[in-house]
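Just so you know, full-length UniProt numbering puts the end of the sequence shown at 101, numbered straight through with nothing missing.
Treat the hints as calculated values from the structure; they're not laboratory data.
A couple of the hints might just be wrong.
Think about it this way: if two alpha-carbon atoms lie no more than 27 Å apart in a straight line, the pair counts; the simulated BS3-like pairs of lysine-lysine are [unchecked claim]:
hint : residue 1 : residue 2
1    : K47       : K87
2    : K57       : K46
3    : K87       : K46
4    : K57       : K87
5    : K57       : K47
Label-pair distances were calculated between CB atoms; the ranges are [claimed, not checked]:
hint : residue 1 : residue 2 : range
6    : E37       : I11       : 34 to 44 Å
7    : H100      : M38       : 21 to 31 Å
8    : E15       : Y42       : 39 to 49 Å
9    : K10       : L40       : 43 to 53 Å
10   : R44       : K87       : 17 to 27 Å
11   : L67       : E4        : 52 to 62 Å
12   : E4        : H41       : 57 to 67 Å
13   : Y42       : T69       : 10 to 20 Å
14   : D35       : K10       : 33 to 43 Å
15   : K57       : D80       : 12 to 22 Å
We treat Cβ as the ideally placed atom computed from N, Cα and C, and that holds for glycine.
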Amino acid sequence: MSKEEERVSKIQEEENIGNHHNDDENKKKKKKNSDFEMPLHYPRYKKRDYEIMAEWKLDLLLTQYGLPTNLGDDDDDDDDNLNHKRKFAMGAFLWPSQYHQ
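Using the sequences and the hints given, assemble the complete structure.
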């Protein structure tokens with residue numbers, strides 16, 4: 001192998017090592033950016049289920065789908081905030097025909 005070919009080969013090896021290093025860094029960055037993973041199944045609750053669902057369960061459900069849990073005004077009382085969350089969850093997860101039953 002000529003000196004020129006050796007030099008080119010060495011440069012290519014260094015670039016490949018650099019690319020693998022960048023790939024590893026990109027994978028780590030992607031993992032650090034978000035812990036969110038979209039659930040595989042759509043929730044199967046009915047309108048009545050949402051109307052009586054506990055707040056902790058609503059919060060868990062909304063969080064699983066990457067939706068906000070801090071809904072409503074800070075001035076509202078807890079019952080108003082809970083009702084707002086319930087309506088939000090119904091709007092997000094129920095089909096229009098189910099929502100208006």
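Quick rundown of the hints versus the structure:
1. For the proposed pair K47 and K87, the alpha carbon gap of about 10 Å is at most 27 Å, so the pair holds.
2. Between the alpha carbons of K57 and K46 the distance comes to roughly 14 Å, so the proposed pair stays at or under 27 Å and holds.
3. Annotation: proposed proximity of K87 to K46 holds, straight-line Cα distance about 12 Å (limit 27 Å).
4. The suggested pairing of K57 with K87 holds, with an alpha-carbon distance near 14 Å, which does not exceed 27 Å.
5. Of the pairs offered as hints, the one joining K57 and K47 holds, with about 15 Å between alpha carbons and a cut-off of 27 Å not exceeded.
6. Checked against the given bound of 34 to 44 Å, the beta carbons of E37 and I11, roughly 40 Å apart, stay inside it.
7. Separated by about 27 Å at the C-beta atoms, H100 and M38 satisfy the suggested range of 21 to 31 Å.
8. Distance hint for E15 and Y42: a CB-CB separation of about 45 Å, consistent with the stated range 39 to 49 Å.
9. Separation of K10 from L40 is about 47 Å and conforms to the stated range, judged on CB atoms against 43 to 53 Å.
10. Restraint check, R44 to K87: a C-beta distance of roughly 19 Å satisfies the suggested window 17 to 27 Å.
11. A hinted range of 52 to 62 Å for the beta carbons of L67 and E4 is consistent with their spacing of about 59 Å.
12. At roughly 59 Å, the beta-carbon separation of E4 and H41 lies within the given 57 to 67 Å, and the hint holds.
13. Between Y42 and T69 the C-beta distance comes to about 19 Å, which sits within the given range of 10 to 20 Å.
14. Range check, D35 to K10: Cβ separation about 41 Å, and the 33 to 43 Å hint holds.
15. Checked against the given bound of 12 to 22 Å, the beta carbons of K57 and D80, roughly 18 Å apart, stay inside it.
Going down the numbered hints, you'll see the structure goes against none, and every one checks out.
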